[in-house]
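Visitor: Each chain is listed here by its residues.
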Amino acid sequence: MCLAIPGQVVEIFSGHQTTALIDVVGVRRKVDLGLLQDDMPKPGDWVLIHVGFAMSKISEEDALDQMRILRALGEAEAAMQEVQGYGMDDVTTPNQHEIEPADKA
Amino acid sequence: MKFVDEFREPEVITKTAEEIRRLADPKRHYRIMEVCGGHTHAIYRFGLKDLLPSNIELIHGPGCPVCVLPMGRIDDGLEIAQQPDVIFAAFGDMMRVPGTQGSPLEHKARGMDVRIVYSPSDALKLAQSNPEKHVMFFAIGFETTAPSTALTLVRAKADSVHNFSVFCNHVTIIPAIRAILDSPDMRLDAFIGPGHVSTVIGCRPYEWIAVNEKKPVAVSGFEPLDILQSIVMVLRQLRKGEAKIENQYKRVVPWEGNRAALRAMAEVFELRPYFEWRGLGFISQSALRITDSYAEWDAEQRFQVAGVRVTDPKAAQCGEVLKGVLKPHQCKLFAKECTPEHPVGALMVSSEGSCAAYFNYEHRKTAMVSSIASVV
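For the record, the sequence lines run as chains S and D. Residues in the first sequence are numbered from 1 upward in steps of one, following the numbering used here. Residues in the second sequence are numbered from 1 upward in steps of one, following the numbering used here.
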């Protein structure tokens with residue numbers, strides 16, 4: 001629940017609720033951007049997601065660090081489960097090899 | 001060192017650990033509280049205690065939302081869900097937390113409609129796709145999750161979703177820190193401030209800790225190096241006799257926080273006069289309730305809530321561990337009746353709970369070391 005999950009904005013859907021398609025290591029999900037309305041991200045930007053809502057904009061480097069932290073804490077699987085659990089639509093199934101991100105190092 | 005070796009810049013970690021040794025006055029004993037349960041988890045996982053001199057003691061703080069929730073609130077939430085056509089929706093972390101009559105998961109086994117959701121907005125969608133049912137979202141968390149619940153309620157109102165409500169257990173971190181500092185049996189020298197709560201509230205709300213209590217605070221990231229650097233920051237301040245708020249996690253935490261998130265919270269929530277915390281008792285203005293303009297979506301206003309108060313199982317010493325008075329292994333039930341597989345207390349449930357962290361890393365260490373040795 002308190003996991004901060006890093007993801008990259010793929011596409012933004014504007015409506016009365018601004019949502020975005022976010023890519024988290026290959027899994028694409030709709031995420032609410034309402035809490036970033038003062039500083040809207042653009043496609044290509046990285047964000048930290050808490051319980052289905054993008055909460056802060058971060059750099060790509062910090063996004064990769066955060067993913068590594070989740071893996072080290074044994075929380076990466078829970079994080080991916082959480083992301084896959086968001087919503088009941090907009091599912092894209094990644095290829096299995098894309099789930100485990102390549103280490104930056 | 002094997003735990004930190006897998007991280008970037010192991011040589012910087014070694015240097016930072018050396019600096020900590022240099023800064024720590026051998027004649028002093030330092031008690032530094034890491035407020036956030038995520039930090040507690042990271043400290044155990046990376047074996048950071050082993051890098052610190054023995055006169056630096058890390059005290060685990062109250063920043064695990066599942067752990068601080070008193071059992072009576074769980075009973076109240078489950079009581080509402082006993083009513084016909086009510087779906088109980090909560091985060092996965094809540095599912096194994098014991099209530100008097102068992103956890104939500106055990107209630108599910110007995111026939112209650114209990115669903116795991118990953119986002120409050122998923123609970124709202126669940127309501128929209130089940131118009132003949134009522135979905136009650138059991139909301140927990142500090143300021144990290146409260147804005148998401150708030151925005152979900154704004155959406156529910158805007159979309160006129162009438163079969164949805166929130167049983168609000170959101171708490172705020174500052175009054176808990178105040179209660180700990182006011183506690184006569186607690187002496188602390190400095191704080192490692194929570195990282196992700198601070199992305200919402202910013203750094204300003206901690207200023208009184210420096211100004212009034214003269215204790216240094218470093219808001220910290222979650223990597224081993226982040227936590228060690230934060231310890232360096234507070235030790236430097238203590239050495240100079242200073243007390244201020246430093247932001248070690250600048251790359252993510254803006255000084256002013258996230259204003260849009262704070263606005264969403266202000267729109268939907270107001271402070272409760274008081275709220276009960278496990279271990280810390282009743283703390284005034286420490287939790288959020290739903291304002292009257294969202295009364296229709298407030299489970300406590302919509303349903304009869306008994307407001308039960310139950311004490312934890314007598315033998316379990318969750319309260320003392322939560323306050324930092326006892327270490328997890330000093331509890332009588334630790335690793336005996338109470339394990340992550342069969343938790344008696346909430347601190348053994350969540351990965352952010354200090355008992356679960358201690359059990360998974362310290363308690364299993366001996367077994368782990370011998371298995372590594374046999375591989376090598």
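A hint or two may mislead.
[Stated by the list, open to error] Simulated pairs of lysine to any residue, SDA-like, Cα-Cα distance not exceeding 25 Å:
no., chain 1, residue 1, chain 2, residue 2
1, S, K30, D, K108
2, D, K15, S, E61
3, S, K30, D, S129
4, D, K336, S, M40
5, D, K250, S, G44
6, S, K57, D, S129
7, D, K250, S, E60
8, S, K30, D, R263
9, D, K108, S, A78
10, S, K30, D, K157
11, D, K49, S, G26
12, D, K133, D, Q304
13, D, K250, S, H16
14, D, K327, D, G307
15, S, K42, D, E256
16, D, K157, S, V27
17, S, K30, D, K49
18, D, K327, S, H16
19, D, K15, S, L64
20, D, K15, S, H16
21, D, K133, S, L64
22, S, K30, D, N163
23, S, K57, D, K250
24, D, K49, S, M67
25, D, K365, S, A72
26, S, K57, D, P205
27, D, K49, S, R71
28, D, K365, S, E77
[What the hints assert, rightly or not] Listed next, with one range per pair, are the computed distances between beta-carbon atoms:
no., chain 1, residue 1, chain 2, residue 2, range
29, S, K42, D, G307, 19 to 25 Å
30, S, R71, D, R259, 46 to 52 Å
31, D, E19, S, R71, 57 to 63 Å
32, D, R239, S, K42, 17 to 23 Å
33, S, S14, D, M112, 36 to 42 Å
34, D, R110, S, E11, 39 to 45 Å
35, D, G47, S, G44, 43 to 49 Å
36, D, E19, S, F13, 45 to 51 Å
37, D, E18, S, Q84, 39 to 45 Å
Hints in this document: simulated from the structure, not taken from any laboratory. Using N, Cα and C, we set each Cβ at its ideal position, and we do this for glycine too.
Visitor: Could you work out which of the previously given hints the structure breaks and list their numbers from low to high?
Guide: 1, 4, 6, 11, 13, 14, 16, 17, 18, 20, 21, 29, 30, 31, 32, 35
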